[in-house]
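Student: So the chains spell out like this:
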Amino acid sequence: MATSMAEVQKEKLVGKRLRRREDPRLITGTATYVDDIHLEGMQYAAIVRSPHAAAKIRSINTKAAEKAPGVMAVFTGKDTEKVGGVPCGASLPGLRVPHHNILAVNRVYFVGHPVAVVVAQDRYLAQDAADLIEVDYEPLPAVADPEKALASGAPAVHPEWPDNVAFTFHQDGGDVDKAFAEADVVVKQRITSQRLIPMAMETRGVVAEWRGADRQLNLYTSTQIPHLVRTLVAGMLGLDENRVRVITPEVGGGFGSKLNVYAEEALMGFVAQKIQKPVKWIESRRENFLCTIHGRGHVDYYELAAKRDGTILGIKLKIIQDVGAYHQLLTPAIPTLSVLMMPGIYKTQNIRADIVGVFTNCMPTDAYRGAGRPEATHGIERMMDILADELKIDPAEIRLRNFVPNDQFPFHTATGLVYDSGDYAAPLKKALDLVDYRKLRQEQADARKQGKWIGIGISTYGEICAIGPSPATPAGGWESATVKIEPTGKVTIMTGACPHGQGEETTFAQIAADELGVGVDDVLVVRGDTAVVQYGIGTFGSRGTAIGGTAVYFALQDLKEKIKKFGAMLLECDDVTFSNGKVTCNKTGQSKSVPEIAAAAYRAMKLPPNTEPGLVSTRFWEPPNFTFPFGTHIVVSEIDGQTGDVKIRRYVAVDDCGNRINPLIIDGQVHGGIAQGLGQALWEQAVYDESGQLITGELTDYAVPRAHMMPWIESEHTTTPSPVNPLGVKGVGEAGTIGCSPAVVNSVVDALSPLGVRHIDMPLTPEKLWNILSKGA
Amino acid sequence: MKITCTINGKTYSNDIEPRLLLIHYLREVAQLTGSHVGCETSLCGACTVEVDGKAVKSCTMFAVQADGAKITTIEGLAADGKLHPLQEAFWNEHGLQCGFCTPGMIMASKQILERYPNPTDEDIRHGLAGNVCRCTGYQHIVNALKAAATSGARN
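First to last, the sequence lines map onto chains A and B. To convert, note that position 429 of the first sequence is 429 in this note's numbering; the numbers rise steadily by one, no gaps. To convert, note that position 68 of the second sequence is 68 in this note's numbering; the numbers rise steadily by one, no gaps.
Hints may contain errors.
Stated by the list, open to error - With a straight-line Cα cutoff of 20 Å, these simulated EDC-like cross-link-like pairs (lysine to aspartate or glutamate) come out: (1) A/LYS307 <-> A/ASP175; (2) A/LYS274 <-> A/GLU241; (3) A/LYS647 <-> B/GLU28; (4) A/LYS647 <-> A/ASP514; (5) A/LYS647 <-> B/ASP67; (6) A/LYS318 <-> A/ASP175; (7) B/LYS146 <-> A/GLU638; (8) A/LYS307 <-> A/ASP177; (9) A/LYS67 <-> A/GLU160; (10) A/LYS564 <-> A/GLU515; (11) A/LYS449 <-> A/GLU638; (12) A/LYS484 <-> A/ASP514; (13) A/LYS768 <-> A/GLU714; (14) A/LYS277 <-> B/GLU28; (15) A/LYS647 <-> B/ASP121.
What the hints assert, rightly or not - Below, a sample of chain A positions facing chain B; criterion: calculated Cβ distance under 7 Å: (16) ILE27; (17) ARG190; (18) MET201; (19) PRO249; (20) GLY252; (21) HIS500.
If you're looking for bench data, these hints aren't it; they were derived computationally from the structure. For each residue, glycine too, the CB sits at the ideal point set by N, CA and C.
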């Protein structure tokens, strides 16, 4: 239950369960998403896409489409060849980057590859005409499985690189050979993290408007990174960056899938210039499944070396990353995050990692909620259970024996990270208490005697958030904020972050209201328009509050100093305090309010020494480090022996995201994150067949969690502030997803352990478990 | 074809193509963009509206089938500047994040509460099975329906 604003106006707002200030427009149907935008004379685009995973284009016949009713124009790859390629922002030594035309030229590389675009006066006519375009394809052999793509004789996705290797990456830390030589036990396991479809509820969409006389392109697009889209699309189209305005209206979910620059964004800019009219393209759900980035796509080979007491000595990991046909914006960077995270929250100092990125005739993979960290956490947390089973040590106990101890923070990991702060045993102990672990193990033993399949799964996760320091990121890793106190004392925050459901219109207002002593309703948060907001990076990697919020905080500190100067001048007092929205003279007790001071600062009849008029501050905050949230998730599951169906009997999540600005919003982030983790663990999988057809190409075939599939989540927390930023916050957007999947799989493997089951790859479908149960029985 | 229908208490008469889907009629002809298109295949529920008292996925109904119908969309729920108890409850309980599924989710919820004035968790979860939310994990939505059932009874 949220706290109403009237009750809390006078007290500190940070830490309160304030209901969100962005909600009134969303619950009344008056918010504006891209598809809600209508411009005068606007035309509609429909895109013709390849039905083949690999084929040569012999010819394209557009004549019938051009003559179809309402059609204004048709463009193919020959028309758009001069437009720059879809960009890859990540770099690695030896990275192979195929040129990625916005419309295919001569050859298609995956099902859904855009081949032509039809522009017509309404969306029905555009689709009618698109169906009249005849493309003569010469199908070629395709490969959709990354391990098969690496085998000799596999079809080459890009003929220039017959081995299908997109990149390799190697990292060593400590002395892993010595660790394995000295080990009492080595456990090995192949673990996959299957391809997933992000499935934001709002598909992608673009409206482009060309203002020829000004050489200005206005681009409305559903993105998490408006400024980066502006820079990169301007480059692709050869336009001046300051004459491309990217407007991000309401964004209906992203989860990383809109942390990208897509062919269609540049394509609509190109079309708008050619037809001299605004044009709209709205992705269908089918296109969204085929042509918006996918997540995960790992085959991981783990080896863990340990002493008999369960102490881990070293970890080896080989990652085979399914790249897809191209690199999208961050594709090759994602598995490197898995490597950084591979030791989890354990103190081992010896690691060896190798990544092979593999081209396949599939949609590219890229950042999906967690981006590399869920894969790593799934791997290490599964391996901890496998090791515990091997050594007959309780899975909770083996984790406690390996945690980085509290007195070793900041902790330098074998992968080169510096964990900021942590108390890893605290959430584990809290979660064990919440489930009454000992009693639960007894109940499990009793249930087994009755033939029930009950399992308990623990995941003690860590994650890399607040991404991130600029040297560690492909673009800048800072965030910007401008805070303006207007002449009437109202406060406007312009953030370079681009929230799309995370609630920063509320949390940033909470921070500002506390710092300035004004009401939360006096604060307005503006984002997502490059003509209004200073350059920013965007919202992803659990960075909105930890970096964007910190930029706001520092801008507020500047303003507080300036407010004090103006207050001292107005009060003619050299000893003043600023608190509760007032500057008070400590000698006379007289005070001036923020609106009074703001009026004086803009009227500028008189100015304090060396002080400019106005009350505005812009800050670009560069974080000195990532932040490292952590926590424990415990799952109790029961498997139906007849059907193989998994029922989650309890889900306990104890998360530590540092200081908490708005616990109501944090709960929502945790629940949503867990839903996506549970989706991966139990139901979701993007399946390509051998010929490269996506056979989970619609919501009919791809099982996202629905209300009746979700368990009740018992959410608790511990609080370990981050020393990286003055707010002490760490970030929480991805925690649920990262912590979830190993807890679920560990519980199911635990349930089936009497059958000798040691590992099962996700998703844990009833069919998969029924087969295991049938064989076992 | 000519159709006449009532949307949120207002009468609309238009000459439309027979193949026009109801969702596109609402969004583009009546210019009520609160109902959203999430999948075009009646699987996600973002387009849910009320047609003659029944929750309907408007992406799989032709506008001409709504000739003579009384339709309520998310824009018609608040009355005299006062939010519907379900809208209040979704707001209070943080039953939404990105908000894209929310209009359809609220319209489906309205039907659930009409059928089950005091719904159990199971009533709510099964009632919402046709509406996908990718943000919330549904828990706060379940809380919102329970809260609305309580406050609605008081109104």
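Student: Is the straight-line distance between the alpha-carbon of A/LYS449 and that of A/GLU638 20 Å or less?
Tutor: Within the cut-off at roughly 14 Å; holds.
Student: Report holds or violated for the interface hint on A/PRO249, using the least CB-CB distance to chain B and a cut-off of 7 Å.
Tutor: It is violated, given that the least Cβ distance between A/PRO249 and chain B is near 11 Å, above 7 Å.
Student: Between the alpha carbons of A/LYS647 and B/ASP67, is the straight-line distance 20 Å or under?
Tutor: With Cα atoms ~45 Å apart, A/LYS647 and B/ASP67 exceed 20 Å; violated.
Student: Does A/GLY252 meet its interface restraint, that is, does its C-beta lie within less than 7 Å of any C-beta in chain B?
Tutor: At 3 Å from the nearest chain B Cβ, A/GLY252 passes the 7 Å test, so the hint holds.
Student: Holds or violated: A/LYS307 and A/ASP175, Cα atoms, limit 20 Å.
Tutor: holds (16 Å)
Student: Hinted pair, alpha-carbon criterion (20 Å max): A/LYS274, A/GLU241. Please report holds or violated.
Tutor: holds (19 Å)
Student: Please work out if A/LYS67 and A/GLU160 have their alpha carbons no farther apart than 20 Å.
Tutor: Violated: A/LYS67 and A/GLU160 sit about 39 Å apart, past 20 Å.
Student: Within 20 Å, alpha carbon to alpha carbon, are A/LYS484 and A/ASP514?
Tutor: holds (15 Å)
Student: Holds or violated: A/LYS277 with B/GLU28, Cα cutoff 20 Å?
Tutor: Holds, because 19 Å separates the two Cα atoms, which is no more than 20 Å.
Student: Close enough to count: is the Cβ of A/ARG190 nearer than 7 Å to one in chain B?
Tutor: Violated. Min distance 30 Å.
Student: Tell me if A/HIS500 is really an interface residue toward chain B, meaning its C-beta lies closer than 7 Å to one of theirs.
Tutor: The hint holds - A/HIS500 has a Cβ within 7 Å of chain B, the shortest such distance being about 6 Å.
Student: Hinted pair, alpha-carbon criterion (20 Å max): A/LYS307, A/ASP177. Please report holds or violated.
Tutor: Roughly 15 Å between the alpha carbons, so the hint for A/LYS307 and A/ASP177 holds.
Checked against the numbered hints given earlier, the structure breaks hints 3, 4, 5, 7, 9, 13, 17, 19 and satisfies all the rest.
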